[in-house]
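Visitor: Letter by letter, the chains look like this.
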Amino acid sequence: MFKEIKKRFATDDVEVKRNDLYKVGIKYSRLFELIHMLKDEYEYRTLNAITCTDWIEEGHFALTYMLTTEDRKHTFMIQTMINREDAHAKTFSHEFKQAQIMERDLHEMYGIDFIGNENLKELSLENWVHTPPLRREFDTLEFVNNNLTFREGRDDNVDTKAETKRLRALKKAEKEAAKKAKEEAEAQKSKDGKLKDEEIKDGK
Amino acid sequence: MEHNGFIQEQKTLEGDLNSDTSHKNSVDFLMNWFRKRSIFVLAYGTGCGAIEMPPTFTSRYDAERLGIRGAATPRQADVIIVSGYCSYKTLRRIIRTYEQMSNPKYVLALGSCTINGGMYWDSYNTIKKLEDYMPVDMYVNGCMPRPESILEGFLALQKEIGEGKASSWQKYEENYEFYRKNQEAVLGEKVEPSYDADWYLYDVGL
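Top line first, the protein sequences correspond to chains A and B.
The numbering of the first sequence is our numbering, which starts it at 1 and goes up by one.
The numbering of the second sequence is our numbering, which starts it at 1 and goes up by one.
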C-alpha cells in the first residue's frame, strides 16, 4: 500500500508511526484523490478528526485528516498544507457527515473557509468579532489586558519569590551570626582557659 | 474532645436569636429570620464547581437541615450559585437567569475563577471579576471549594440575611447602568441570548 501511495502520489513523506498508525504528507491538490482511494480501496471508512496546526513562520496551516478502518485496527494520518492567508479548503462533509462539525470548529478557531460546507456558524463562541482565537497572531494576554479588568491585589500583597528570597537570606544571616557568636564564645573560653593555665604556671 | 461539627453549624445559625442587637425592628427581624431559614437555591450549575453542589444538597452534607434546598425555576429561587469559571457565553445565560429571579435574590459565587479569573486568568473568553457584571453577596474561595466551604458560605450569607445586610438586588437596580455598561463591553450590545423555544429546529440546527 505504501509503495502504491509513494508511486501514485509522488511523495516520500510516508511514515509508520506505530504498528497501527501511519502518516503521509501530500500536496493539497492530491488530497481528495488519496482520501477517496483509502476510503474505497482500503476500507478507511471513518473520519476520526480533522486537526489544524498553525505554522506561522512558514506561513501555512497543516491540516491533518485521521482515517480509521472499519475494524478499528489501523489509523491513517494524511497531512496537507494550505496557505495561511486567505485560508480555504474544500469541504469533506459530503463524503463524511461528521466532517461538517469538525470543519465548523476549525472555521471558528482558525478562520479557515471550507467551501461547500452548509453551516459554518459559530460553535462555541458567540458574536466573536476579533481574530480567530487559535491563530498564533492572536495575542491572548494582550486581548485580556485590553478587554477585561483584573482584581487589584491586597495592600499587603507581596511578590512571593522575592519575599521567600528575603526570608531565606534573613534566616541565613541569623544562622551565621549565631555560629559566629558561638565560635567567639568558644575562642574566649579557650583564651580564658589558656590564661588560667598560664596563671597556674606562674603560680608554680 | 467532643466532635461537634454539625452541632456547631446549628449553633451558629441560632446564635443570634438570643443576641440583643438584632432586635431593632421585630417585624424586620422576623422577616429576615424567615428568609434566611428558607433559602431556595436555583438548580443551575456553571463550570466545574457544579460538581460540588450535589453532595452539598444530598444526604452526606444535607444542606436542607439548614433550610437550604433546591428550586427548579428562577422565578421560585432566592439564590443563584455561580459555580466556577464563567465564559462570555455562560455569563449571558447567568444574567438572563438572574434577571428572571424575583426579589429578594442573592448571589453566591464559588471558586477562585469568579474572584479573579483563577487558572483562566489569561483566557480570552472568561471573565475575571464577576462583581463587574452582576452583584455578588458572598464569595467562597477555593479551587474548588469543598461542600464544607459551600455550607460555610451559606451560613455567612444566612447571617447577613438575618442582619438585613444582604441587599445585592437593590444594588443591581440602583447601579443598573454601570452593570449594563460592563456587560455590553464583553457581550456586545445584545446581551440576551438570541434563541426562542424552538431555536434548535430551524436555521440548520445548532
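In short, the hints are calculated from the structure, not lab data.
Incorrect hints may have been included.
Said to hold, decoys possible - Simulated restraints, written as ranges between beta carbons of each label pair: (1) A:A169 - B:R37: 51 to 57 Å; (2) B:Y176 - A:D86: 32 to 38 Å; (3) A:K172 - B:S59: 49 to 55 Å.
Stated by the list, open to error - Lysine to aspartate or glutamate pairs mimicking DMTMM-like chemistry, simulated, CA-CA at most 25 Å apart: (4) B:K89 - A:E126; (5) A:K121 - A:E95; (6) B:K129 - A:D197; (7) B:K181 - A:E126.
Claimed, not checked - Covered stretches of chain B (chain A as the covering partner; in silico rule of three or more C-beta atoms under 8 Å from a C-beta of chain A): (8) 50–62; (9) 88–94; (10) 115–122; (11) 165–173.
Note that CB positions come from ideal geometry on N, CA and C, so glycine has one too.
Visitor: Now, for every hint given, state plainly whether the structure supports it.
Guide: Now the hints, each set against the structure:
1. The hinted window of 51 to 57 Å between A:A169 and B:R37 holds, with their beta carbons roughly 55 Å apart.
2. Distance hint check for B:Y176 and A:D86: the Cβ-Cβ separation is about 44 Å, which falls outside the suggested range of 32 to 38 Å.
3. With their beta carbons about 54 Å apart, A:K172 and B:S59 fall inside the hinted range of 49 to 55 Å.
4. Annotation: proposed proximity of B:K89 to A:E126 holds, straight-line Cα distance about 6 Å (limit 25 Å).
5. Taking the CA atoms of A:K121 and A:E95, the gap is about 20 Å. The hint holds against a cut of 25 Å.
6. Under the criterion of a C-alpha separation no larger than 25 Å, the hint pairing B:K129 with A:D197 is inconsistent with the structure, at around 77 Å.
7. Simply put, B:K181 and A:E126 have alpha-carbon atoms about 18 Å apart, close enough for the 25 Å limit, and the pair holds.
8. Residue count for the stretch 50–62 of chain B with a Cβ under 8 Å from a Cβ of chain A: 0. That is fewer than the three needed, and the coverage hint is violated.
9. By the rule of at least three residues with a Cβ nearer than 8 Å to a Cβ of chain A, the coverage given for the stretch 88–94 of chain B holds, with 3 such residues.
10. Requiring three or more residues with a Cβ within less than 8 Å of a Cβ of chain A, the coverage given for the stretch 115–122 of chain B holds, as 5 such residues are present.
11. Here's how the stretch 165–173 of chain B fares: 0 of its residues keep a CB closer than 8 Å to some CB of chain A, so the rule of at least three is not met and the hint is violated.
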